[in-house]
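Visitor: Here is how the chains run, residue by residue.
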Amino acid sequence: MEAASARALVAPVRHRRLLGAGRWLLDQVLNLYAALALLYLLLPIGIIVLFSFNDPVGRFNFTWQGFTLDNWKEPFGVPGLEEALVNSMEIAALSTVIATALGTMMALALVRYPFRARAATNFFIFLPLATPEVVLGAALLSLFIAVSYSTGFTTILIAHVMFNISFVVVTVRSRLIGFDRSLEEAAQDLGANGFQTFIRVTLPLIAPGVLAAALLAFALSVDDFVITNFNAGSTVTFPLFVWGAARVAIPPQIYIIATMIFFVTLVMMLLTVVQQRRAARMSAVRPEPV
Amino acid sequence: MSFLQRRRGLLPYLLLAPGLAWLLLFFLVPLYYMARQSLEEGTIFTGFEFAWNFQSYTDAIANYDEQILRSFLYGGMATLIAFAIGFPLAYAIAFRGGRWKNALLLLVIVPFFVTYLIRTLSWQTILEDNGWVVNALQFVGILADDGRLLATTAAVVAGITYNFLPFMILPVYASLERIDGRMLEAGYDLYGTRRAVFTRVTLPLAAPGVVAGSLLTFIPAVGDFINAELLGTPRQTMIGNVIQSRYLELTDYPTAAALSFILMALVLVVVLIWARIVGTESLMGVEAR
Chain A
308 MEAASARALV APVRHRRLLG AGRWLLDQVL NLYAALALLY LLLPIGIIVL
358 FSFNDPVGRF NFTWQGFTLD NWKEPFGVPG LEEALVNSME IAALSTVIAT
408 ALGTMMALAL VRYPFRARAA TNFFIFLPLA TPEVVLGAAL LSLFIAVSYS
458 TGFTTILIAH VMFNISFVVV TVRSRLIGFD RSLEEAAQDL GANGFQTFIR
508 VTLPLIAPGV LAAALLAFAL SVDDFVITNF NAGSTVTFPL FVWGAARVAI
558 PPQIYIIATM IFFVTLVMML LTVVQQRRAA RMSAVRPEPV
Chain B
41 MSFLQRRRGL LPYLLLAPGL AWLLLFFLVP LYYMARQSLE EGTIFTGFEF
91 AWNFQSYTDA IANYDEQILR SFLYGGMATL IAFAIGFPLA YAIAFRGGRW
141 KNALLLLVIV PFFVTYLIRT LSWQTILEDN GWVVNALQFV GILADDGRLL
191 ATTAAVVAGI TYNFLPFMIL PVYASLERID GRMLEAGYDL YGTRRAVFTR
241 VTLPLAAPGV VAGSLLTFIP AVGDFINAEL LGTPRQTMIG NVIQSRYLEL
291 TDYPTAAALS FILMALVLVV VLIWARIVGT ESLMGVEAR
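Protein sequence lines, in the order shown, are assigned to chains A and B.
Per this note's numbering, residue 308 is the first one in the first sequence, and the count goes up by one each step.
Per this note's numbering, residue 41 is the first one in the second sequence, and the count goes up by one each step.
Source of the hints: derived by calculation from the structure; they are not laboratory data.
C-beta: ideal position from N, C-alpha, C; glycine also.
Watch out, some of these pointers could steer you wrong.
Label pairs and their calculated CB-CB ranges [what the hints assert, rightly or not]:
#: 1; chain 1: B; residue 1: Gln-95; chain 2: A; residue 2: Pro-515; range: 47 to 57 Å
#: 2; chain 1: A; residue 1: Val-404; chain 2: B; residue 2: Leu-230; range: 27 to 37 Å
#: 3; chain 1: A; residue 1: Ser-455; chain 2: B; residue 2: Ala-61; range: 19 to 29 Å
Every beta carbon over 10 Å from chain A, so not counted as near; a handful from chain B, in silico [said to hold, decoys possible]:
#: 4; residue: Leu-63
#: 5; residue: Leu-177
#: 6; residue: Thr-192
#: 7; residue: Val-307
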């Protein structure tokens, strides 16, 4: 009897210690697994940066031959590459401005005004996100074929604004929820009209969300291949150039441009993070509502 | 502005109008034209004519059943693998990340800073026949001496998984990160074991993120054709490859349009089943992150 109860007292302790070892092991396994997953995510990026310094033999840049800086001296040393890049940047800039303006207005309407058909509108805006890109691109091409509009720069721009709007709405909307409306009321109490309130109070407050949406739209536009491919006509953007090149030859310049875009995006991203930190710190200074 | 102040009820509609018009004109109307196109008859040489030709649908299914099936198989596999890789990573970042959380999260989205196509080309480089990965696998005997990774199903599925993995990680992380630590403590206080707390508290609370993540991974994965094109062979072609080549290379518009609708319908069915299981609210809410 006594022995049994003693064992009952000791057992959980030993059990717990065993469990502690198991837990430690499990933790280490999880950390290792997470590290490997991160490695999987980052490996191709490292390869791109590395192979931009490769000195390839032949037309394809697939096997490591030797280190060279020659290609970095001529990042645009491939015919057509510079023009494609300029097209991409122009389309990205224009589509970002249009989509961000339209999408922000929609997000404001959806979050702040209870109106009929809000749920239906939400669903309609969600639909393009739930549609495979091939279908979006192919459908748009059907329209342009049906109305005999020749595809090119304008049609790419139309397509990019179309797929970016939903992303902008979703991004801005998530920042608008939790927006403190008493600040706007204060502005109006101080005699500001609706327009002044919007420009001087609302817009600065939602600016981080709008900026995030614009960055996302820009990145998606520069990156898009599938939808662009359907509606490009003879206009070539950077991804289309890469696609064309992938079949005949892959010059190191493609990886150089990719490396450049990568680091520019990274720096922009870090700057946004820093800016948002500062904004958060400043809003933390604001006195608490009583 | 005074006009607007008098009629405040109009404001939301005015704000919505331009964006909605754009989506109507360049998303919905194109679907109508594609539907029309799918029922047309003819060739690019004789011209196409509208003819309620439903045969393009039955033909498309009969001719491309293999590609349709393969797309959903690859998409499903990629989603499952992305979950297997992404959930533990998201969990580790959310609960072990500490002050490094944001930095680690940045590493997760770093692949997006490189053009999609180039990421895939990079995989081509990694899996190359004379590359170090193949050589290493041949050396340890996992791969036969003439075995290759490129141009296999594994390469295509791995490529798809890679390209959409962050879409899985981000929503899962968002819902894990939002879990109130007190909930977990309550679980332990109620004598829950670690496993019980995980399966009965953490997992249900993470479910909306998992649902959103799997949709965000599955939808683009099913429609993808770039990985099959660059990492696979004609034996790995997916429905996206067929749509792309039928539209742009063979100008067989009716078949391509019909296939697009079949793809869209099947994807919508999957989405609706998911929505049925979890409710549309969480679908729309978490997808925002």
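Visitor: Compare the structure with each hint and give your call.
Guide: Consistency of the hints with the structure:
1. Distance hint for Gln-95/B and Pro-515/A: a CB-CB separation of about 54 Å, consistent with the stated range 47 to 57 Å.
2. Checking the proposed 27 to 37 Å range against Val-404/A and Leu-230/B shows it is violated: the Cβ atoms sit about 54 Å from each other.
3. Judged by the Cβ atoms, the range 19 to 29 Å given for Ser-455/A and Ala-61/B holds: they are separated by roughly 22 Å.
4. At roughly 6 Å from the closest C-beta of chain A, the C-beta of Leu-63/B falls inside 10 Å, breaking its exclusion from the interface.
5. With a closest Cβ-Cβ approach of about 15 Å to chain A, Leu-177/B is found to remain outside the 10 Å limit, as its non-interface label requires.
6. In this structure Thr-192/B is separated from chain A by more than 10 Å, as the shortest Cβ-Cβ distance comes to about 17 Å.
7. With a least CB separation of 6 Å from chain A, Val-307/B falls inside the 10 Å interface cut-off, contrary to its annotation.
Consistency note: the structure conflicts with the earlier hints numbered 2, 4 and 7.
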